[in-house]
Structures are given as C-alpha cells and as structure tokens.
Amino acid sequence: MKKFRKVLDGLSSSSQGAVASPSCSRAAGTPPTPQDIHVQETLLSENFHICKTVRHGFPYQPTCLAFDPVQKILAIGSRTGGIRILGRPGVDCYSQHESGAAVLQLQFLINEGALVTACADDTLHLWNLRQRRPAILHSLKFNRERITFCHLPFQSKWLYVGTERGNTHIVNIESFVLSGYVIMWNKAIELATKAHPGPVVHLSDSPKDECKLLIGFESGTVVQWDLRAKKVDFRIYYDEAIHSVSWHHEGNQFMCSHSDGSLTMWNLRNTARPIQITYPHGKILKEGRKESCKPILKVEYKTSRNSNEPYVIFSGGLSYDKAGGRRPTLTIMHGKAITVLEMDHPIVEFLVLCDTPYSNKIQDPYAVVLLLEKDFIMVDLTQSNFPIFENPYPMDIHESPVTCTAYFAECPPDIIPVLYSVGAKQKKTGYSHKEWPVSGGTWTLGSQTYPEVIVTGHADGTVKFWDASAITLQMLYKLKTSKVFENPNAGEGRAVEQVEEDPYAIQMVRWCPQSRLFCVVGISAHVILYRFSKHDANAEIVSLEVRLQFDSEDIISLSETDQCFSDPSSHSPQMPGSPSNGSQDSLHYRKVKSRPVRMPPGYQAELVMQLQWVDREPPQQITSLDINSAYGLLAFGSCNGLVVVDYIQKTILMCVSTLDLYGAADPYQRLTRSPRKNRQSTSGLTELSDNQVSMDMERSKSPTSDHVNGHCTSPTSQPCSLGKSRLPGAPEGPRLPWRGPGRPPFRKAQSAACMEISLPVSSLTEENSFSFSRSSSVSSIGRDTKEAVTTLQFGESYGRKGDSLPTACLWVGTSLGVVLLLPISIPTEKERLEEPVTMAPSGTVLMLKGSVLSFSFLDCGGTLIQSPYEVWREPNVPEDPDQPRRRKLVNLSPLSSQEACGDGHLAVVCSEKQAKVILMPTQAVLFTHNVTESSFLLRADVVSVCNSVCLACFCANGHVMTLSLPSLRLLMDTNYFPLTDMRIARTFVFTNGGQALYLSSPTEIQRIAYSQEMTDNLQDMLGELFTPIETPEAQNQGFLKGFFGSNAQTFDREELFGEAAAGKASRSLAQHIPVPMGLENVRAAAGGVVGDLARARIALEQRGERLGELEERTTLMMKSAETFSTHAHQVMLKHKDKKWYQL
1 MKKFRKVLDG LSSSSQGAVA SPSCSRAAGT PPTPQDIHVQ ETLLSENFHI CKTVRHGFPY
61 QPTCLAFDPV QKILAIGSRT GGIRILGRPG VDCYSQHESG AAVLQLQFLI NEGALVTACA
121 DDTLHLWNLR QRRPAILHSL KFNRERITFC HLPFQSKWLY VGTERGNTHI VNIESFVLSG
181 YVIMWNKAIE LATKAHPGPV VHLSDSPKDE CKLLIGFESG TVVQWDLRAK KVDFRIYYDE
241 AIHSVSWHHE GNQFMCSHSD GSLTMWNLRN TARPIQITYP HGKILKEGRK ESCKPILKVE
301 YKTSRNSNEP YVIFSGGLSY DKAGGRRPTL TIMHGKAITV LEMDHPIVEF LVLCDTPYSN
361 KIQDPYAVVL LLEKDFIMVD LTQSNFPIFE NPYPMDIHES PVTCTAYFAE CPPDIIPVLY
421 SVGAKQKKTG YSHKEWPVSG GTWTLGSQTY PEVIVTGHAD GTVKFWDASA ITLQMLYKLK
481 TSKVFENPNA GEGRAVEQVE EDPYAIQMVR WCPQSRLFCV VGISAHVILY RFSKHDANAE
541 IVSLEVRLQF DSEDIISLSE TDQCFSDPSS HSPQMPGSPS NGSQDSLHYR KVKSRPVRMP
601 PGYQAELVMQ LQWVDREPPQ QITSLDINSA YGLLAFGSCN GLVVVDYIQK TILMCVSTLD
661 LYGAADPYQR LTRSPRKNRQ STSGLTELSD NQVSMDMERS KSPTSDHVNG HCTSPTSQPC
721 SLGKSRLPGA PEGPRLPWRG PGRPPFRKAQ SAACMEISLP VSSLTEENSF SFSRSSSVSS
781 IGRDTKEAVT TLQFGESYGR KGDSLPTACL WVGTSLGVVL LLPISIPTEK ERLEEPVTMA
841 PSGTVLMLKG SVLSFSFLDC GGTLIQSPYE VWREPNVPED PDQPRRRKLV NLSPLSSQEA
901 CGDGHLAVVC SEKQAKVILM PTQAVLFTHN VTESSFLLRA DVVSVCNSVC LACFCANGHV
961 MTLSLPSLRL LMDTNYFPLT DMRIARTFVF TNGGQALYLS SPTEIQRIAY SQEMTDNLQD
1021 MLGELFTPIE TPEAQNQGFL KGFFGSNAQT FDREELFGEA AAGKASRSLA QHIPVPMGLE
1081 NVRAAAGGVV GDLARARIAL EQRGERLGEL EERTTLMMKS AETFSTHAHQ VMLKHKDKKW
1141 YQL
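Residue numbers (this note's numbering): 1 to 1143.
Hints were generated in silico from the structure; no laboratory data involved. Any given hint could turn out to be false.
So the derived label-pair ranges between C-beta atoms look like this [what the hints assert, rightly or not]: (1) Gly-100 / Val-890: 48 to 54 Å; (2) Ile-1029 / Arg-289: 49 to 55 Å; (3) Pro-827 / Lys-801: 21 to 27 Å; (4) Arg-289 / Ala-424: 53 to 59 Å.
No farther apart than 20 Å at their CA atoms in a straight line, the calculated lysine to aspartate or glutamate pairs in the DMTMM-like style are these [claimed, not checked]: (5) Lys-52 / Asp-1016; (6) Lys-1119 / Glu-1109; (7) Lys-480 / Asp-364; (8) Lys-593 / Asp-660; (9) Lys-194 / Glu-240; (10) Lys-290 / Glu-240; (11) Lys-434 / Glu-390; (12) Lys-157 / Glu-835; (13) Lys-650 / Glu-835; (14) Lys-478 / Asp-460; (15) Lys-830 / Glu-870; (16) Lys-374 / Glu-410; (17) Lys-208 / Glu-1033; (18) Lys-593 / Asp-536; (19) Lys-1064 / Glu-174; (20) Lys-72 / Glu-1030; (21) Lys-483 / Glu-540; (22) Lys-478 / Glu-390; (23) Lys-294 / Asp-209; (24) Lys-208 / Glu-250; (25) Lys-208 / Asp-239; (26) Lys-336 / Glu-349; (27) Lys-650 / Asp-364; (28) Lys-208 / Glu-399; (29) Lys-478 / Glu-606.
Glycine included, C-beta positions come from ideal geometry on N, C-alpha and C.
Please put together the full structure from these sequences, using the hints given.
Below you can see the structure in the form of structure tokens.
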C-alpha cells in the first residue's frame, strides 16, 4: 500500500511538470522499481465522447423506397425504423426513428431538401435534409385511423393521406397541421353500395388537371374526386383487388394492376369498362379459361420520346408453378418485346427513374431501381439487353453471413493499393457502361484521413478486405479459404458425407499489415497461414496434423515434460499418440490438397494446421491465435491446451495441455478423480441435454462464449467441463450415439449476424452460475475442469524476475485468470532454417479475476510498444544461390527508452473483471482497477488516441469505457447499448484513432467514434445531402395567357384546404408532436435557414426577371393607351359641332 501511494505521489508531481518523460535516478543496469516509473498522462475525460459515425451495408429488412429526380438522391426505409439516404459515392447517411416503428412509405419534397416518412405507428415525420445529419422538424400522430398510403404532388405543400377506413385526409407540410378538408369513403362511393370499399391503396392527381384526385380502394373501386366541386367525377368497379395505379402522362388514361395477375387499361372518356385487359404471363388453357397467376403488386406506365411504344414495367404476375413456385421476377414490356428478369430475393419495391419531375411531361425512363429483401440493384433501360449498373455501395457484406470482424487503422500506405490491384481482377464484368444514376449530394475527402482496413470473415469460408478510409467502405480483395481443401464429395463415398452446412466458417483472423502475413481459424478446428504475393504460384500446401486432446487421467512425469519442451524435433506433424493412417479418425477432418495448387496473385496458402479427431470425437474449437513474422512462429490454443508452430521450418514446437504449462508453479490445487474403467471423451461435444434447465445453466455458466452443441467457440470462453453442467439432483441427459464418419455433431456455423440472444448481465442466478469460473480466489478446482487458452501475445519481454535483458516471449492467458510466460530462444538469422527454436515455461504465474482478454506492452515512458515484425518481401522470386536473400526485421523492443529508463517495460493485462499494469521484470503490480462488478468485459484493447494511449473496454451490459495508462483512471463510462446481443458481443472491435465498429444487424456494419477529436472532425467528413439546384421549368405558356387568361384555370390548394375555407380538423383525429430543440434540431434549423436563403435568392432572381418583363409590357400598354386616347380626342373634336344626321 505504501508503494502504491508513492506511485500516486509521483504521478501527481509529474503531472505538474512540463516534460512528459520518465525520471530515473537509479544506477544503469539495475531493474526498475515502481518508484522509478513516473509518467505524465495527457488524456482527460474531455478527450472522449462517443457517437455513431456511419453505417455500411444493405439496410436490414427494407420496406420502402423513394427517389428525388432533381437532387438525384435515394432513400430506403426499414422495418426497424431506420432510413438510409444515398447519393454519389461518399454520400451515405443513416437516421433512425426513436420509436423504432417500421417505415411504411417515403415521400421526398422534390428539390426542397426535405423528406416525409409514414411509420407503422401511424405517425408522419418531416425530416430536414439540408444538413449532414438529418433531423425531424415536425411529427403528426394519427389517433383514430391507420395510415395506408401517402401522396405529395410536385411543388405542393399539401400531403394527401389515405387511411385503412377508406378516408383521405390532407396535411399541410409547412405547419404539419391537419386540414379540415376530408374525403370520406361514404361520399366517394355510391350510396347504393353496401360494402365498404376497403383501405386506400392509391392516391394521385391527374396529370392534366391538378384539381382531380384519383383514389384507389383495395376492393377494386377507383374514384376520381373533384377537389374544388367536392364531388365524384366517375367511379370504376372491378372484380379483382387493386394493388397499384399508374397514369399516362397526358392524363387521358391509366393502368391498374390486380391480384389475379391482370393489367387493366381505363380511358376517361368511357369508364364503364376497361378498354384493355391483359394477362401478361397467363396462358389460355384447353378449357378456354385463363391460367391462374400471382398478383401484380406494382405497375409503372411510362412514355418515351425515342419510341412511340410505352414502357410497362411490373413485378409479379407469373403463373402459379405446380412444382412450388418460381423466383421473383420483374417484367419489362416495351412494344411487342417482353423481358422477364429473375431475382434471387423477393422484390420489396421498385421505382422507375425518369428525367423530369413533372407528371404531365413525357417521362423518358432510363433506369429501374429494385429493392429486394437482401439486395439492391439498378437496371439500365437505355440498352436493349437491360444490363445492371455496378453498385458503388457496399451492399454485399452479407453475401455470406458475417462470423467475425477485424479493424485496422493507420495501416502502411501501400497496403490498400496493393490489395486493390489484386482484387480488381476478381471483379465481375457485364455491367452497364453508364455511370451510377444516383449522383446527388457532395462529398470531399477529409483533411485527417489515414489508411484503414476492415476484414470480415464469413460462414462460407470467405474473407473480405475492405478499404474503410475516410468513413467510406469499398471492397478491396476477396479470399476463399475453402479452396485449400479437397472436394469432400470426390470419390470418398459415405466416409466423407457432408452434413454440416458451414464447415469452413471463419472463427477468427490475425493480420500483420507490415509483413502481409494473414492467418485464419475455421470452425472445423483448422488454421491456415497465407503469404501475400503479386505473382502466380504453383506450389504444394504443407499440412500439419495436431493432436490436442488430452485426458485428465494421463500422468505426465517430469522427465516426459522436460522432453516435451526441450526437444522440438520430437514433434512431427504426426504427433505421438495420434491415429495411424488407417484410423477411422483420419476420415473426419477435411483433407488438404496434396497436389501442387495453382494460386493467383494475392494471398496464397502456405501452411494448414488441423486438430485431429480422437476416439471418434471432434476436437475443441480454437479459442485464441497469434502470429509473429519476426520470430516465424504461430501459436493457437483451445479448451485443451496450447500449440506453437514454427512456420518457417514447418514443425510443431509445442503441443501441451494447459495444465502442463504450469509445471510446479500451478496456483491451484487440482483435485484428483477416481479412475474409470471405460475411457470417455474429454470434449463432451456430442453430449446434448434434453433438460432445458440444464441447458440454460450451461449457457449462463459461460456467457462470453458461444456453444455449438456444447463446446466453446469464443476467444473469451470460460472453462469447459468434461461432462454436462447440470443442477444438483437433475437427471443426466442421454448421450447421443456416434454419428458416423465425416459427420461432426456441430450444427450450422452460428454467424455473428444471426445471433439474437441477449447476454446475461446482473441476475443473481446468472452470477452464481459462472462466478466459480470468474473468481481468482478459488484455491482448488476439479481435475475435470478444462482451462482454456483465451489469449496469446508474442513480444519482447522478460520471462523471469532475474532477467536483465528482454527476449522473445509468448504471453499466455487462460480462462481462470492466469497469465503464463514462455521465453523463446530463437537462433540467429543464419541458423534460422537449420537450428530449432526452443521454448519452455518460465514458472512465472500472474493472477487476475476472470478470463484474460488481452495483453499490451508500454515502455517506461508510457509509449505503446509494437511487436517486432518482418518487412514484406516477394516470396515468388527466384533466389540467387550466391547471394541468398535475408529477412529484414524491425524490432520495436522496450529498449527504445533505455537511455532514460534502462531495462524494463510495463505490461497491461486485462481480464473480464480486472485490469492490471505490471512492471517487468520485477513483476510488481503498479496499478489495479476492478473494471466491473455487476457484469463482465467482452473486449479490451490498448489503443492510441490523441497522441497518447488508453485502455478501451466494452462491457456486456452495454457500457463503453476508457481507462488512462498506466494509472488506470476511469476517463469515460457511457451506457451506449441499452441491450447487448450476441451479434454485437462477437463483432465489437476497437482500433486506433478513437474508432470502433460492430455488426448492428445481420447486413450492416456500424462504425462509432469515442474520441472528441474524431467527433469534432466528423462533420467535415460526412457528405452533403442537399445542393441548391434550380428546378426544371414546366411547359411554357404565353405571357398574356398566363398573366390575364389563366385565373380561371389556376388551382389554388390553399384556397381549398386552408383553415379559412376548410376549417380546423378534429383535435382527436391527429395530434401534432412538438420536437425538442436539441443540438441536432438547432443545426437543422440553421441548415434550413441557409437553404432558404439560397432558394430565396434564386426565387428573387426569377421574380426580378418576370417583373422586368412585366414593366416592359406595362410601358407598351401605357403608350398604346395614350395613342388611343389621342386618336379618340381628335375624333371627338372633329364631330362635336355636327348634328346626328350629319354624321
């Protein structure tokens, strides 16, 4: 305690000084003591603020679509209340309704910088888009009727709202107040009609007369309502239900789509019957009747200048297939040509993009936007083969479910161009040669940008590299890990029967951008090492089979243990005790291709390590992984033990159980068990309980691990017991029989995208259920408890207290909160290929509460120490035997501060419950912080922020925290997630620069910033959604006709719908919801003022031009009047003295 106080005194005194450097008054060569460490910390609470930055990917569960043809921006609504607004690449904005209600319909105020949303909770919202982050300006809640359809005419401030009761209401967009003008359903239909017409499914004004409103009811009734006369012009009745209506631009006819797969054409001159009824995909059967077809959900009827034939575009309408139904389709009818486009997913909605916003002009369609359930495509209508446009947005993140993520900031500047060059060859061809039509908004590259890369692993075994620089996302390169293995169906018979759905699912990845080494872990307990090359290669892939399955009754003598650690050559790919070549276990795991494999430029597989099946039981999944290019070593661990591989010599250095890593330094008193006659498996993978209570207990026992049929899959998994976890006295579930060769009992890979289970937090039962494994005060544990290796880290450190110089070490963290150090002896560079690498436990054991999550190292000045690495070199270049190439190593050791502080460094160790800063080599604990008591950490990383470092933590209860280093002061604690689900828990990652990301939905990646500096710069990095553009002119009219003769034809909606004419609406019908003037809304108001000024300036210029023309014409009229007056006066003088009969 006295030592701790002295450290605090030293920190307080150093914080007052101006020099941020360690002070060391001890003799050179003497190990540092806690009193020698004085670091001035520069981070304060004011340096941290958490906010969302940008969301990438396909909108999850989309519901509707809208397009502004003048601004050329597009909006997508979702079932969760989200709105995605897209423009040119870089213009991508996400907004969320606080209610979370599904968005039913979107309506742009064309060229006004505003958007109206209609939600499932019967609320209308007006969004201001004249700012980088849209905000709600008005909200209107309907109380007694449900909203079914909305329509906003171009350049109108009155919104038509149809309801489920069949009524049509009118809302003023400027004030968001309901008008007293209402079109009741009983006035729209004939009095003799007894049946209710159903909900309103369509509203549109006539292209040739804005005073006429066309109302479509679900039952098949269509009414044209005269708004000025407040009466019906005509009524149309049809036997089939109506889904959509589309006008011809001249306003003389319109087309309807129906539930029986038919299209009807109606002419206003004769509304008694349709002038045309067509079944585009219905065949005439032998009996003379039409084949039954699926409903046509939407139809668009567009005209073109280049062709006399109109475009008729609709979704659905195919005949019912007796075999079970066909794929969703979009049909394009142009003249006699009928093109059917098949889709991979159901069509949610589609829009036809046209050049003009006016409905009474020739439309000239040029593209069709298709919003599918899981995809977003655009079809080019200007080419006869209707190609699709290349999508500039990252809409294919979910092409295969995402199972893991990694985020790398401040990468080497050459890594992104290199990945792009090899990934460009993978792109598909056949796209339209035209540019992407959605080109609205403006976006510029921010001033503070640096290379960022996001890596996503997927359930089908693919890995994608994404360029995430400047808050954008573009795919760089795609790697398929399944190509390493043989086809399991090729000549293997029933022995390799493929049952599991995702055998290649990626569980975790490790990437070294400097050396360009890449390593992946698959769900089938395999590890693949890749090297990057710019050239093709034709080489064999080395495969190592590892047996990491130890029975707890096996007794390893001291001599055997010494031999295990000291003689790495004794460990061959065929480990001692592994099954022979004829064993049935060799049929279970996938075989690596034994022949030479041609590999294209990019990442090329070099080494594959597979955990073997033992006694027909699958191996435990791998829970930790690390690789170091400078050492040439790779390490991975599981619930059974640790494996270290020398990938340069292609040998296994170490393969031991976790228990054997302790040696004589085991802090626990392991309880022995009585021997059993029949040897049972130690994995328990095939043991499934039919008792729901015991299943819940097993789930709550290890809340930070995912269990696929009972075995740990998470890097932060808890100790896995040999048998099932069951309540006292509860009956043990039956043991399932063996499933046969090649049929592992795990199910489909649980991707991070499909996990919706909420994590247990602070329940007493839950805490009791896993407190056993999270407490470091347990003095004895059973021998049947497996201690998982949860984290690994290579680095320069001190393996023992007496060491005076740092050496290569492997830090091992376990699920019982134990930290072990393994010093490594690496031969010199000349002897690296021949001499073996040796390593053994040092006997150093450090303890923490809870499962160990991460290791990081600081020098005595508080600077983050990076692990040594090898500089990348091209592997596929012929070497000169006279001048062999040598590896170029970069060693970032703790000796960087040796002049000021001498030997020694700080180790930052964080577990699920606790964080410690340990001084090496004395192993003195300088600072300890109990991060959380009621919950546990899911992620902890030491990151660089604001030219300093901190410990960033993500807690299972949704809190995001940052701690200073080395003092572990709490700088930020924000309850960011109200409820954390397994998807977020598995995919949340921190990176440098104050950024993080997680999978917010199965199809979207959400990026956040937790530094104030990043938050302040965010406004400049986002794109502008609105740009001042002059509205296209309508059809020209003569001035005299427009000025004098059009008063009788002008339709003034204000005169009809305003309060003076229509009165006030009932207060109980709808309620205006005031929007609090928060920061976003203040910015919205400010942005609106700026936009209004720009619009006012344009309007003022137009008004000035018209006033100038009016003044000229008025002057001409005045001159003409004076001339007429003069002539009249002369005529009067000439005839004033004459009699009437003299005239």
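These are the hints, each one checked on the structure:
no.: 1; hint: Gly-100 / Val-890: 48 to 54 Å; in the structure: holds, 49 Å
no.: 2; hint: Ile-1029 / Arg-289: 49 to 55 Å; in the structure: holds, 53 Å
no.: 3; hint: Pro-827 / Lys-801: 21 to 27 Å; in the structure: holds, 26 Å
no.: 4; hint: Arg-289 / Ala-424: 53 to 59 Å; in the structure: holds, 55 Å
no.: 5; hint: Lys-52 / Asp-1016; in the structure: holds, 12 Å
no.: 6; hint: Lys-1119 / Glu-1109; in the structure: holds, 16 Å
no.: 7; hint: Lys-480 / Asp-364; in the structure: violated, 43 Å
no.: 8; hint: Lys-593 / Asp-660; in the structure: violated, 34 Å
no.: 9; hint: Lys-194 / Glu-240; in the structure: holds, 17 Å
no.: 10; hint: Lys-290 / Glu-240; in the structure: holds, 14 Å
no.: 11; hint: Lys-434 / Glu-390; in the structure: holds, 9 Å
no.: 12; hint: Lys-157 / Glu-835; in the structure: violated, 82 Å
no.: 13; hint: Lys-650 / Glu-835; in the structure: holds, 13 Å
no.: 14; hint: Lys-478 / Asp-460; in the structure: holds, 12 Å
no.: 15; hint: Lys-830 / Glu-870; in the structure: holds, 15 Å
no.: 16; hint: Lys-374 / Glu-410; in the structure: violated, 32 Å
no.: 17; hint: Lys-208 / Glu-1033; in the structure: holds, 16 Å
no.: 18; hint: Lys-593 / Asp-536; in the structure: holds, 18 Å
no.: 19; hint: Lys-1064 / Glu-174; in the structure: holds, 16 Å
no.: 20; hint: Lys-72 / Glu-1030; in the structure: holds, 13 Å
no.: 21; hint: Lys-483 / Glu-540; in the structure: holds, 13 Å
no.: 22; hint: Lys-478 / Glu-390; in the structure: holds, 17 Å
no.: 23; hint: Lys-294 / Asp-209; in the structure: violated, 34 Å
no.: 24; hint: Lys-208 / Glu-250; in the structure: holds, 6 Å
no.: 25; hint: Lys-208 / Asp-239; in the structure: violated, 28 Å
no.: 26; hint: Lys-336 / Glu-349; in the structure: violated, 25 Å
no.: 27; hint: Lys-650 / Asp-364; in the structure: violated, 65 Å
no.: 28; hint: Lys-208 / Glu-399; in the structure: violated, 46 Å
no.: 29; hint: Lys-478 / Glu-606; in the structure: holds, 17 Å
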